[in-house]
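Residue strings, one per chain:
Number of protein chains: 2
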Amino acid sequence: MALIVQKYGGTSVGSPERIHAVADRVKRWKELGNDVVVVVSAMSGETNRLLELINAVNPKGAAREHDVILSTGEQVTIGLLSLALQGKGCEARSYTGSQVKVLTDNCYSKARILEIDDAAMRQDLEAGKVIIVAGFQGVDADGNITTLGRGGSDTTAVALAVALNADECQIYTDVDGVYTTDPRVVPAARHIPKLSLEEMLEMASQGSKVLQIRAVEFAHKYNMPIRVLSSFDECDEGKSTLVTREEDIMEKVVVRGIAFNRDEAQLTVTGVPDEPGIAFKILGPISDANIEVDMIVQNVGSDNTTDFTFTVHRNEYEQAKEILCALATEMGAKSCGGDNKIAKVSIVGVGMRSHAGVARDMFEALAKEGINIRMISTSEIKVSVVIDEKYLELAVRSLHEAFGLDAAAPA
Amino acid sequence: MALIVQKYGGTSVGSPERIHAVADRVKRWKELGNDVVVVVSAMSGETNRLLELINAVNPKGAAREHDVILSTGEQVTIGLLSLALQGKGCEARSYTGSQVKVLTDNCYSKARILEIDDAAMRQDLEAGKVIIVAGFQGVDADGNITTLGRGGSDTTAVALAVALNADECQIYTDVDGVYTTDPRVVPAARHIPKLSLEEMLEMASQGSKVLQIRAVEFAHKYNMPIRVLSSFDECDEGKSTLVTREEDIMEKVVVRGIAFNRDEAQLTVTGVPDEPGIAFKILGPISDANIEVDMIVQNVGSDNTTDFTFTVHRNEYEQAKEILCALATEMGAKSCGGDNKIAKVSIVGVGMRSHAGVARDMFEALAKEGINIRMISTSEIKVSVVIDEKYLELAVRSLHEAFGLDAAAPA
Numbered sequence: 001m002a003l004i005v006q007k008y009g010g011t012s013v014g015s016p017e018r019i020h021a022v023a024d025r026v027k028r029w030k031e032l033g034n035d036v037v038v039v040v041s042a043m044s045g046e047t048n049r050l051l052e053l054i055n056a057v058n059p060k061g062a063a064r065e066h067d068v069i070l071s072t073g074e075q076v077t078i079g080l081l082s083l084a085l086q087g088k089g090c091e092a093r094s095y096t097g098s099q100v101k102v103l104t105d106n107c108y109s110k111a112r113i114l115e116i117d118d119a120a121m122r123q124d125l126e127a128g129k130v131i132i133v134a135g136f137q138g139v140d141a142d143g144n145i146t147t148l149g150r151g152g153s154d155t156t157a158v159a160l161a162v163a164l165n166a167d168e169c170q171i172y173t174d175v176d177g178v179y180t181t182d183p184r185v186v187p188a189a190r191h192i193p194k195l196s197l198e199e200m201l202e203m204a205s206q207g208s209k210v211l212q213i214r215a216v217e218f219a220h221k222y223n224m225p226i227r228v229l230s231s232f233d234e235c236d237e238g239k240s241t242l243v244t245r246e247e248d249i250m251e252k253v254v255v256r257g258i259a260f261n262r263d264e265a266q267l268t269v270t271g272v273p274d275e276p277g278i279a280f281k282i283l284g285p286i287s288d289a290n291i292e293v294d295m296i297v298q299n300v301g302s303d304n305t306t307d308f309t310f311t312v313h314r315n316e317y318e319q320a321k322e323i324l325c326a327l328a329t330e331m332g333a334k335s336c337g338g339d340n341k342i343a344k345v346s347i348v349g350v351g352m353r354s355h356a357g358v359a360r361d362m363f364e365a366l367a368k369e370g371i372n373i374r375m376i377s378t379s380e381i382k383v384s385v386v387i388d389e390k391y392l393e394l395a396v397r398s399l400h401e402a403f404g405l406d407a408a409a410p411a
Numbered sequence: 001m002a003l004i005v006q007k008y009g010g011t012s013v014g015s016p017e018r019i020h021a022v023a024d025r026v027k028r029w030k031e032l033g034n035d036v037v038v039v040v041s042a043m044s045g046e047t048n049r050l051l052e053l054i055n056a057v058n059p060k061g062a063a064r065e066h067d068v069i070l071s072t073g074e075q076v077t078i079g080l081l082s083l084a085l086q087g088k089g090c091e092a093r094s095y096t097g098s099q100v101k102v103l104t105d106n107c108y109s110k111a112r113i114l115e116i117d118d119a120a121m122r123q124d125l126e127a128g129k130v131i132i133v134a135g136f137q138g139v140d141a142d143g144n145i146t147t148l149g150r151g152g153s154d155t156t157a158v159a160l161a162v163a164l165n166a167d168e169c170q171i172y173t174d175v176d177g178v179y180t181t182d183p184r185v186v187p188a189a190r191h192i193p194k195l196s197l198e199e200m201l202e203m204a205s206q207g208s209k210v211l212q213i214r215a216v217e218f219a220h221k222y223n224m225p226i227r228v229l230s231s232f233d234e235c236d237e238g239k240s241t242l243v244t245r246e247e248d249i250m251e252k253v254v255v256r257g258i259a260f261n262r263d264e265a266q267l268t269v270t271g272v273p274d275e276p277g278i279a280f281k282i283l284g285p286i287s288d289a290n291i292e293v294d295m296i297v298q299n300v301g302s303d304n305t306t307d308f309t310f311t312v313h314r315n316e317y318e319q320a321k322e323i324l325c326a327l328a329t330e331m332g333a334k335s336c337g338g339d340n341k342i343a344k345v346s347i348v349g350v351g352m353r354s355h356a357g358v359a360r361d362m363f364e365a366l367a368k369e370g371i372n373i374r375m376i377s378t379s380e381i382k383v384s385v386v387i388d389e390k391y392l393e394l395a396v397r398s399l400h401e402a403f404g405l406d407a408a409a410p411a
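Residue numbers (our numbering), protein chains in the order written: chain A, 1 to 411; chain B, 1 to 411.
Just so you know, the hints here were simulated from the structure itself, not pulled from any lab data. Please note that the accuracy of each hint is not assured.
Partner residues are not named here, just some residues of chain A that face chain B (Cβ under 8 Å, in silico) [what the hints assert, rightly or not]:
{"id": "1", "residue": "L50"}
{"id": "2", "residue": "L53"}
{"id": "3", "residue": "N58"}
{"id": "4", "residue": "G61"}
{"id": "5", "residue": "L83"}
{"id": "6", "residue": "S98"}
{"id": "7", "residue": "Q99"}
{"id": "8", "residue": "A141"}
{"id": "9", "residue": "G143"}
Derived lysine-lysine pairs resembling BS3-like cross-links, with alpha carbons at most 30 Å apart [stated by the list, open to error]:
{"id": "10", "chain 1": "B", "residue 1": "K60", "chain 2": "A", "residue 2": "K101"}
{"id": "11", "chain 1": "B", "residue 1": "K110", "chain 2": "A", "residue 2": "K110"}
{"id": "12", "chain 1": "B", "residue 1": "K221", "chain 2": "B", "residue 2": "K30"}
{"id": "13", "chain 1": "B", "residue 1": "K30", "chain 2": "A", "residue 2": "K101"}
{"id": "14", "chain 1": "B", "residue 1": "K321", "chain 2": "A", "residue 2": "K129"}
{"id": "15", "chain 1": "A", "residue 1": "K60", "chain 2": "B", "residue 2": "K129"}
{"id": "16", "chain 1": "B", "residue 1": "K27", "chain 2": "B", "residue 2": "K129"}
{"id": "17", "chain 1": "B", "residue 1": "K110", "chain 2": "A", "residue 2": "K88"}
{"id": "18", "chain 1": "A", "residue 1": "K60", "chain 2": "B", "residue 2": "K321"}
{"id": "19", "chain 1": "A", "residue 1": "K60", "chain 2": "B", "residue 2": "K27"}
{"id": "20", "chain 1": "A", "residue 1": "K321", "chain 2": "A", "residue 2": "K281"}
{"id": "21", "chain 1": "A", "residue 1": "K101", "chain 2": "B", "residue 2": "K129"}
{"id": "22", "chain 1": "B", "residue 1": "K88", "chain 2": "A", "residue 2": "K60"}
{"id": "23", "chain 1": "B", "residue 1": "K30", "chain 2": "B", "residue 2": "K194"}
{"id": "24", "chain 1": "A", "residue 1": "K129", "chain 2": "B", "residue 2": "K101"}
{"id": "25", "chain 1": "B", "residue 1": "K239", "chain 2": "B", "residue 2": "K252"}
{"id": "26", "chain 1": "B", "residue 1": "K60", "chain 2": "A", "residue 2": "K88"}
{"id": "27", "chain 1": "B", "residue 1": "K334", "chain 2": "B", "residue 2": "K321"}
{"id": "28", "chain 1": "A", "residue 1": "K27", "chain 2": "B", "residue 2": "K60"}
{"id": "29", "chain 1": "B", "residue 1": "K129", "chain 2": "A", "residue 2": "K110"}
{"id": "30", "chain 1": "A", "residue 1": "K129", "chain 2": "B", "residue 2": "K110"}
{"id": "31", "chain 1": "A", "residue 1": "K110", "chain 2": "B", "residue 2": "K88"}
{"id": "32", "chain 1": "A", "residue 1": "K60", "chain 2": "B", "residue 2": "K194"}
{"id": "33", "chain 1": "B", "residue 1": "K101", "chain 2": "A", "residue 2": "K101"}
{"id": "34", "chain 1": "A", "residue 1": "K101", "chain 2": "A", "residue 2": "K209"}
For each residue, glycine too, the CB sits at the ideal point set by N, CA and C.
With the hints as constraints, model all of the structure from the sequences given.
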């Protein structure tokens, strides 16, 4: 008998019919002898409906009240799923974030989970009940309702799995797992049955949308295996991807997958005085404006000046450029500019640690196609490059082939 | 400076525009130097939307889960009204029933309030904040969400007013107060500026829909004055009705108003053995089926038998008749039957206590119009009769005139 935490997203619970399908699946897992804890999101469309009401009344009021309103979406789903299970003769009990309680800090709309009280849930599990928990929400030490931000339900699921010491955290979504790259770009992309938490972490942060990065960070920190499955596979007989500890993975490969991200923009300032504190001087005001910076490259310069380049989300390109160019004038830089028609491509794999020359192979594959590399950034298990957006598909396809990831053509 | 509790129903907060209108009004009361606590219902239509979801999934599941779902309606409104007030520069803070906390028993869907913790609210009031509380909901001793049943928001408002020792509990609705009878039936009906809590209690239980009977009972028990006002009067300059202690009412009248109710049905069993316990034998099974009985009349019979008549809500007529006629056969009664085309008319007024002959005047007025009385029931401050439904309007108009309640015709 295992203890399983399952998470179902908005489309998986988007209608009474879908809720019944989820209830059928939960019941099957329960009847196999498992203890089951289910985390659900708001029904698809509901969060947007609530956001429209907020915007119609006052989009600028206290974030505390936004959370009071938004948290109702998941609260409706937990009640409905509990009712659906009860209707199938399966005892179930719903929990809001406060009722669990999922203790968070008081950073409304992006709260962090501090602690989870497992006492009440354990009692209900022992009594044979299925437990349905509202994802995305918690409560601070003063009893205020908080939310964890978009995608927070994945984090709730992993955190509950850790708190309950679950055997597995299952994330049901609309795909049947993680692929070597996006099959829409490379039809030969292969399904990955197992990969390490660290690889998933890099894949997620490099643009793979299958799992929320915060949830993977959490799972990585506490070594909680995550299984990604499709909620549209009615019989639990399809494929899935298990994201687990590196030690538990038999198949060793150098490159596990190719991640990419086209939502990036690049900003460059040239000829700034090469002196201590220059990076902070440039990035401080960007960060103060709440703009997240991804890759950062600084070149050694000549004439006591240096060139500085970084990337931001494409939506924040104009705002970042305005801040940067004002700074550039102030600092007497030579030029200031950018490009929002770029994309980032990354190769990811724990095998890189013990294999030299992986970056070299990557650059060679891109050079063969005549693709110019604008920026390079590396970590222990990842190499990322920034290229012109127009070469993105070509780059992904050629890297996918170069690292032997293409599925064998059918005989 | 006064402490005011205001309650706004579903139509008063039915859209972002209406919520802004409520916020404007709350702000005016606050700026006059009052401490203001506001109780709100779900936006009109929202509770029905949630009920439809429940019915689509499983209408028969645990009432606990129904309450989890239904309580979200008010939770959305408290957040939105707080945001609207903040947008107008008025500090406001929302409270769910659990956050207050409004402690109830655990009778889901019709919970009773046991206790209200006023500590957090008092602190916020002292800090100059307006407090917005979700009506209709509470929390039991184990932290389960409960609801108080339809119309429970009025009860929440009165209970909060009592707990906070408020100066007045204002119920905003779509009418500007209580009238001597329904103006749609008697155009000459007069607005009542003040009436006693006891009179309101009888009016409410006799069919006047302005206030929920449970709320009036609560106010009566704790002597909390209620003011009924229209939320569609934008300037607070219109009429209102103050429902208060009898001692505080100057104008003494014999009959305050005429209440009526057409949702009744009558059931009669004749020729049952006249022996101790017969009333319980008949009404026990009716009550066990959760059917509420209103008026009960038993006649002294001859031949050691008696006739027994009672009224129930019209919706429950068929079910009650089935139960009663089965019983009648069992008891060897002479006949069993009923009529669901009846109506009840009541005259209400504390002045009756000291005036003899009020019932006589009522019967005389009805006799003059040739209206046959089927049942009579009296209390200290009320006389009710059951008549054929087709005579209802005629009866109400003639009683309204007979007791001098008609408004003077304009000169």
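Structure-based check of each hint:
A least Cβ separation of about 7 Å between L50(A) and chain B falls short of the 8 Å threshold, and the interface hint therefore holds. About 6 Å separates the beta-carbon of L53(A) from the nearest beta-carbon of chain B, less than 8 Å, and the hint is met. Taken as an interface hint, N58(A) checks out: its beta carbon lies about 4 Å from the nearest beta carbon of chain B, inside 8 Å. Taking 8 Å as the C-beta contact cut-off toward chain B, the hint placing G61(A) at the interface holds, the least distance being around 3 Å.
For L83(A), the interface hint holds, the least distance from its beta-carbon to any beta-carbon of chain B being 3 Å, beneath 8 Å. At about 7 Å, the closest approach between the beta carbon of S98(A) and any beta carbon in chain B falls short of 8 Å, and the interface hint on this residue holds. Checking Q99(A) against chain B: minimum C-beta separation of about 6 Å stays under 8 Å; hint holds. Interface hint status for A141(A): violated, as the beta-carbon distance to the closest one in chain B is roughly 13 Å, over 8 Å.
This hint holds: G143(A) has a C-beta 6 Å from the nearest C-beta of chain B, less than the 8 Å allowed. A threshold of 30 Å between alpha carbons decides the hint, and for K60(B) with K101(A) the separation of about 28 Å falls inside it, so the pair holds. Note on K110(B) and K110(A): the hinted pairing is violated, with a Cα-Cα distance of about 36 Å set against a maximum of 30 Å. Pair hint K221(B) plus K30(B) holds up; C-alpha atoms about 28 Å apart against a cutoff of 30 Å.
For a cut-off of 30 Å, the pair hint linking K30(B) to K101(A) is broken: about 35 Å separates their Cα positions. Restraint check for K321(B) and K129(A): not satisfied, since their Cα atoms lie roughly 41 Å apart, outside the 30 Å limit. This hinted pair checks out: K60(A) and K129(B) have alpha carbons roughly 18 Å apart, not beyond 30 Å. Between the alpha carbons of K27(B) and K129(B) the distance comes to roughly 11 Å, so the proposed pair stays at or under 30 Å and holds.
For a cut-off of 30 Å, the pair hint linking K110(B) to K88(A) stands: about 26 Å separates their Cα positions. Restraint check for K60(A) and K321(B): the C-alpha separation of about 58 Å exceeds 30 Å, so the hint is violated. The straight-line distance between the Cα atoms of K60(A) and K27(B) is roughly 18 Å, inside the 30 Å bound, and the hint therefore holds. Distance hint between K321(A) and K281(A) is fulfilled; the C-alpha atoms sit about 15 Å from each other, no more than 30 Å.
Annotation: proposed proximity of K101(A) to K129(B) holds, straight-line Cα distance about 27 Å (limit 30 Å). The hinted pair formed by K88(B) and K60(A) meets the criterion: a straight-line CA distance of about 11 Å does not exceed 30 Å. Distance check on the hinted pair: K30(B) and K194(B) sit about 25 Å apart at the alpha-carbon level, within 30 Å; holds. At roughly 27 Å between alpha-carbon atoms, K129(A) and K101(B) fall within 30 Å of each other, so this suggested pair holds.
Between K239(B) and K252(B) the alpha-carbon distance is near 20 Å, which keeps this suggested pair within the 30 Å criterion. Of the pairs offered as hints, the one joining K60(B) and K88(A) holds, with about 11 Å between alpha carbons and a cut-off of 30 Å not exceeded. Proposed proximity of K334(B) and K321(B) is supported: the alpha carbons are some 15 Å apart, at most 30 Å. This hinted pair checks out: K27(A) and K60(B) have alpha carbons roughly 18 Å apart, not beyond 30 Å.
Annotation: proposed proximity of K129(B) to K110(A) holds, straight-line Cα distance about 25 Å (limit 30 Å). Annotation: proposed proximity of K129(A) to K110(B) holds, straight-line Cα distance about 25 Å (limit 30 Å). Restraint check for K110(A) and K88(B): satisfied, since their Cα atoms lie roughly 26 Å apart, inside the 30 Å limit. A hinted pair counts as satisfied when its Cα atoms are at most 30 Å apart, and K60(A) with K194(B) does not qualify at roughly 42 Å.
Taken as a hint, the K101(B) and K101(A) pair is honoured in the structure, with Cα atoms around 16 Å apart against an allowance of 30 Å. With a C-alpha separation of about 29 Å, the suggested pair K101(A) and K209(A) falls inside the 30 Å cut-off, and the hint holds.
Hints 8, 11, 13, 14, 18 and 32 from the list above are not met by this structure, while the remaining hints are.
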